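Q: Top to bottom, those sequences are chains A and B. Under our numbering, think of the first position of the first sequence as 248, with each following residue one higher. Under our numbering, think of the first position of the second sequence as 248, with each following residue one higher.
Misleading hints may appear alongside valid ones.
Identical copies carry no separate label here, and so any pair may be met within one copy or between two of them.
[Claimed, not checked] Once the Cα atoms are required to be at most 27 Å apart in a straight line, the calculated DSS-like pairs of lysine-lysine come out as: (1) Lys256 <-> Lys435; (2) Lys349 <-> Lys360; (3) Lys592 <-> Lys349; (4) Lys314 <-> Lys624; (5) Lys349 <-> Lys502; (6) Lys314 <-> Lys435; (7) Lys435 <-> Lys543.
These aren't lab readings, by the way, just hints derived from the structure by calculation. Predicted model, so just to flag it, every value in this text is computed and none were measured.
There are 2 protein chains.
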Amino acid sequence: MPGPIDGIKVIDMTRVLAGPFCTMTLADLGADVIKIERPDGGDDSRAFGPHQNGESAYFMSINRGKKSLTLDLKSEKGREILIKLVSQADVLVENFKPGVMKKLGLGYETLSKINPRLIYCASSGFGHSGPYSSRPAYDLIIQGMGGLMSITGPDASQPTKVGSSIADIFAGVFSAIGILSALYSREKTGRGQMVDIAMLDCMVSILENAVARYTVSGVDPVPIGNCHPSIAPFSSIKTSDGFINVACGNDSLWKKLCEIIERPDLAADARYETNHSRCEHMPDLLPALNESMRSKPSAYWLEKLETGHVPAGPINSISHVLADPQVLARNMLVELTHPVAGKVKIPGSPVKLSETPAEVKLPAPVLGQHNEEILLKLGYTQQQIADFKSTRVI
Amino acid sequence: MPGPIDGIKVIDMTRVLAGPFCTMTLADLGADVIKIERPDGGDDSRAFGPHQNGESAYFMSINRGKKSLTLDLKSEKGREILIKLVSQADVLVENFKPGVMKKLGLGYETLSKINPRLIYCASSGFGHSGPYSSRPAYDLIIQGMGGLMSITGPDASQPTKVGSSIADIFAGVFSAIGILSALYSREKTGRGQMVDIAMLDCMVSILENAVARYTVSGVDPVPIGNCHPSIAPFSSIKTSDGFINVACGNDSLWKKLCEIIERPDLAADARYETNHSRCEHMPDLLPALNESMRSKPSAYWLEKLETGHVPAGPINSISHVLADPQVLARNMLVELTHPVAGKVKIPGSPVKLSETPAEVKLPAPVLGQHNEEILLKLGYTQQQIADFKSTRVI
């Protein structure tokens with residue numbers, strides 16, 4: 248079945264994560280994505296381990312469904328080919344440092360003259376304006392600068408980075424939002440535009456209640472472990488073999504929890520009578536809960552809590568996530584057969600549409616896999632393609 | 248200037264975070280969003296502290312740019328009004344537990360018959376299919392079940408929740424992606440469809456290299472603090488007044504770092520000669536760096552590192568983020584005047600578009616602020632509206 252943006256042509260000049268995550272999302276939604284790669288090695292992330300039969304598992308997961316065309320953009324011929332592609336494209340996505348595309352003669356001003364319907368999305372660390380615009384950025388640095396690390400961690404002394412590259416990934420999804428809204432707008436105006444996404448902007452936009460709390464109170468929020476700032480107990484609790492999460496949103500769930508862990512003394516304790524008082528006495532309450540639940544394994548408690556209708560859940564390792572019946576039922580783990588790597592398992596698309604479903608259709612390309620196909624379509628001859636190859640244009 | 252989806256009519260039946268984050272994004276992009284709220288108190292998050300002149304700072308930040316209509320959906324009249332709205336709408340977003348809308352007689356099957364162009368987006372914890380579909384979900388529980396907590400934290404013994412409600416927020420942004428792509432598709436097909444977004448699916452889709460590493464190696468990744476699994480030093484380092492992030496992606500940056508911290512002994516140490524050997528000896532290397540940098544404050548080191556072109560950055564508190572020149576230059580902190588709360592500062596939109604800019608236009612509504620305006624437009628009389636009020640339909 249066709250996806251919602253079936254047939255939209257995307258030129259993907261991105262590497263590693265933020266940009267590729269965006270074009271992966273567009274490919275899943277039905278776009279034809281042509282990934283432009285350096286002839287010598289391609290996307291840096293092709294070198295990121297672990298590898299499976301020499302193919303990077305990381306690269307393969309984020310570049311499924313795309314075609315690969317190698318192009319040396321420093322050569323005149325390479326730029327000529329790119330401009331031919333741009334003249335027929337709907338969208339171009341790049342995640343170079345601001346200024347690089349312009350230096351190559353491929354800036355938005357130039358390309359939008361060639362194709363006024365082009366939607367040009369630039370994804371960068373700090374964006375195409377502002378005093379830090381030209382600085383390099385890495386996910387770690389943006390998570391730190393954007394404030395997320397200052398509110399994540401076991402306590403105030405241990406600011407903590409999120410375990411996946413959230414700053415890159417949010418830039419990827421907000422890029423997709425910008426492009427999709429610009430595609431809709433183009434249906435009305437007939438014109439494309441520039442989408443300028445900064446990892447730092449994205450971080451600021453997802454700080455959630457931390458900003459509200461600070462702007463009203465003037466006090467900087469700090470990491471508070473796995474607790475909730477205003478509901479208790481709403482936290483991770485230690486069991487004999489790990490942790491589970493328990494979420495008691497009201498007094499009756501709290502009483503129920505005390506029953507399940509056989510602690511009538513806690514239920515009767517005046518310090519823990521209301522949500523407000525439980526929040527206040529969390530430094531006493533959490534150790535008491537840890538002590539009670541440490542006697543039995545997570546699975547035991549989760550079953551008891553489910554039976555008692557107390558919201559709770561495991562802290563799943565990746566292996567558990569990927570074997571979870573709900574994850575499998577929702578088609579969130581997809582198996583593809585890659586021409587070199589063989590069978591690979593990658594996450595599916597979380598965008599579930601009833602009529603034009605997103606789909607993970609094809610494995611990631613090997614470097615330059617679609618050179619001939621794409622160049623022939625552009626009108627180049629077999630002889631020209633052979634010349635491009637021997638002169639290292641492709 | 249009009250936004251990219253200017254004039255798109257959104258019925259917003261969401262509360263708290265995942266749904267409201269989605270409809271906020273749509274409002275910023277130009278949609279007319281009507282938020283449907285319970286007459287007795289409205290969106291639960293109106294009660295979330297801190298409050299400013301009695302208005303929740305949290306609610307105000309996520310509901311800017313929307314209109315509020317109170318409706319008792321358990322009353323026949325309330326449902327009648329909702330159906331009138333739906334018949335003129337482009338999009339409906341809800342984040343009830345699966346089944347609730349159907350029970351109210353407002354399920355997708357029913358509403359799509361009334362308005363076949365309707366795009367109906369349901370955002371829930373586990374989605375509208377699969378064995379856990381009807382379970383309640385909280386951000387904490389989904390972060391745990393989805394694997395993100397198992398790879399976040401200082402070390403393997405401390406799985407850690409991200410400090411903002413990432414599972415809710417990702418569901419919000421992927422909902423926006425689903426809706427925008429369905430809007431584009433409707434331009435071609437003339438028909439709406441259902442978008443079914445699950446917080447758990449979203450978590451699986453952003454686990455990044457953890458999935459690749461596990462599927463190839465069969466070994467579960469664990470939290471590794473603020474270090475990088477395969478680049479070193481690429482980590483937070485202790486200073487006299489906090490931490491900074493330092494990212495040495497290659498050997499020459501490493502040598503430069505040793506110069507700046509005046510540790511020629513480290514530069515000469517065979518254990519730290521290559522990136523590979525530095526990764527292997529990170530348990531020795533990190534304490535050595537902490538020891539060296541502990542002597543001076545963060546600001547001192549950041550200046551030295553910037554001058555030496557070694558990528559580095561602060562771990563900003565929220566107050567620093569909101570005063571950062573780049574954040575301000577990118578218009579990521581917006582001041583609005585709320586009719587009751589007065590001046591409020593909220594994060595801006597990270598979707599920067601050149602021709603149809605996203606904009607934070609209006610403050611969040613007070614409960615039922617737009618009842619009269621909306622109902623008059625639907626053709627109800629002042630008398631009918633007064634009756635709705637006295638019978639608590641609105």
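Q: When the structure is checked against the list of hints, which entries are broken? Sort them ascending.
A: Per hint list: 3, 5, 7 violated.
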